[in-house]
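Chain residues, written in single-letter form:
Number of protein chains: 2
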Amino acid sequence: MRALVTGGAGFIGSHLVDRLVSRGDSVVVADNLSSGVLDFIQAHIDSGNVEFHNIDLKNLEHLIPLMDDIDIVYHLAANPDIRLGTRITNTDLNEGTIATYNVLESMRINNVNKIAFASSSVVYGENAPMPTPENHGPCIPISLYGASKQGSEGLIGAFVGTFGLQAWVFRFANIIGERGTHGVIFDFIHKLKADPNRLEVLGNGLQEKSYMEVGDCVDAMLHVVENTNEPMNLYNLGSNDTCSVRNIAAIVIRETGCKSAQIEYTGGDRGWAGDIPKAMLDIKRLQGLGFEVNYDSEDAVAYTARVLIKEIMG
Amino acid sequence: MRALVTGGAGFIGSHLVDRLVSRGDSVVVADNLSSGVLDFIQAHIDSGNVEFHNIDLKNLEHLIPLMDDIDIVYHLAANPDIRLGTRITNTDLNEGTIATYNVLESMRINNVNKIAFASSSVVYGENAPMPTPENHGPCIPISLYGASKQGSEGLIGAFVGTFGLQAWVFRFANIIGERGTHGVIFDFIHKLKADPNRLEVLGNGLQEKSYMEVGDCVDAMLHVVENTNEPMNLYNLGSNDTCSVRNIAAIVIRETGCKSAQIEYTGGDRGWAGDIPKAMLDIKRLQGLGFEVNYDSEDAVAYTARVLIKEIMG
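Keeping their order, the protein sequence lines are chains C and A.
For the first sequence, our numbering assigns the number 1 to the initial residue and increments by one for each residue that follows.
For the second sequence, our numbering assigns the number 1001 to the initial residue and increments by one for each residue that follows.
There may be inaccurate statements among the hints.
One side only, chain C facing chain A, incomplete, derived with CB under 8 Å [said to hold, decoys possible]: (1) E105; (2) G125; (3) N135; (4) H136; (5) I140; (6) I142; (7) G146; (8) Q150; (9) G154; (10) L155; (11) A158; (12) L234; (13) G274.
When the alpha-carbon atoms are kept at most 30 Å apart in a straight line, the in silico BS3-like pairs for lysine-lysine are as follows [said to hold, decoys possible]: (14) K114/C - K1278/A; (15) K278/C - K1114/A; (16) K1058/A - K58/C; (17) K114/C - K191/C.
Don't read these hints as lab results, they were simulated from the structure.
Source: prediction; values computed, not measured.
Ideal Cβ positions, reconstructed from N, Cα and C, are used throughout, including at glycine.
Chain C extracted, bound-state conformation (with noise of 0.2 Å):
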């Protein structure tokens, strides 16, 4: 088996890189290393497992040639901070739609089959039933973030009815863990560093959302591929809870140490436009293949704020 993964050199793809490496299959990686972090793949690079191009999804004429015996891409490959579609809004249009197009037009000419997508619970938008199954609609996402996985995930579909592609696509929880170079979690371990007496929340912090450990999130996915053969599967990806962000503050606290730190509330019910307060997704389809995740959200929460204090603050 030989698989591409964009964005292999990020957070998410990283790991997908490990497990793809571990069972033993050759592995290509696409990234621009505009948030990926070559040191997360470095090591199989070294040892030969792991071959990496420094290219731009962007360019197709760059993407066309990577295509070649490859059996399944792994298109993780995106912007992956949700809030800076309120101050660049083509961002995401760029790296996300316009970038799944290129894949997936570089596989049609090269005749590449099959394609697992991540998408983002972010395109079930504001209002959906908690827990959201996969069948909700409409889906009328309110980030541009969640505008580029939809237009992606229309893409996809078109490419499978169009040509014959198939597909898996994820949508994703909030996934945090080893390696997060964003998100909630980072930030305030960020902020405690810069000043462990005040930790500022966005929000009045009741936004409530479903976390799942990025190493469940790739087992997942790949266990999905594996028990699945339909042209066009969608599946959510997450774990069966949620945490509140007032309860990270308090997790992040008590893993920093920094007992003595006030919390600051910036107030309103989100953390900025186009952020949903509140999100779980129903994962029965998931749990229908047998898959069970090993963190719920609270451990994964911990789990996550105890690597990556030791990652940031050393």
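On the provided structure of chain C, position chain A as indicated by the hints.
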């Protein structure tokens, strides 16, 4: 009221312009005439009721100055030929998704707040229940055209959720009528004009879809915009029944008087890869606003056949 109509020289756009002019709105049309026809709105231009700009929506810089003092944008511009995506895969991305992004971004820059968008029933994809309600999910389009409509819907949701725009998203059934420039009736008439003794029908003719007369369509759009006021208003627009392709062939043969035409089916359940063979929208939400269509599907087909025969055969 000052309205910008993108694609305003096109089939549906020009009918909308007729309505807006007749009710006294100030109308600006942006159209690159790739499928639009200037003659459709020439009388309005000559009378000074329409300001016409031959610009390409792929160029954000060209759009920005047009947004000056606009109260509402009716965004109808798109590649109208769904089949094109089977041969050229980036037209819908460029003329659809990216054009929609440019429309939204130029609105944001100019503080234009309201957008009405022509989406499509094809966003529902295949195997949706018939009739299909707005809350059907998951929506997985199977054509590049459908992907561009879904991508555009997501972008609109993002600008509503992030920047406070107000939007009306219309999922159109097959819209037919005077000035039609594509579609099954248009194709059949052209084929019979070329050879009155033979009519090739793509697929087995059992494809069965809902058809809406274009005057009903633009009346419905304006009715919904006037009678709803949510941040995001999503409505199916269609008629309450279907018409099969076999029936359309019979109607066109009858109306052209080509009684000796032999029908030849190319076979298969659909006209082309990415075609949805059966589609009917649930229009209860539209009816709930007190709107009723003038034409059912078969009447719309017969009426359209008569007017297009005049336009095409003279």
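Outcome of the hint check:
no., hint, result
1, E105, "6 Å, holds"
2, G125, "6 Å, holds"
3, N135, "5 Å, holds"
4, H136, "5 Å, holds"
5, I140, "4 Å, holds"
6, I142, "2 Å, holds"
7, G146, "6 Å, holds"
8, Q150, "4 Å, holds"
9, G154, "4 Å, holds"
10, L155, "5 Å, holds"
11, A158, "4 Å, holds"
12, L234, "6 Å, holds"
13, G274, "4 Å, holds"
14, K114/C - K1278/A, "27 Å, holds"
15, K278/C - K1114/A, "27 Å, holds"
16, K1058/A - K58/C, "17 Å, holds"
17, K114/C - K191/C, "42 Å, violated"
When each numbered hint is compared with the structure, a violation occurs for hint 17 only.
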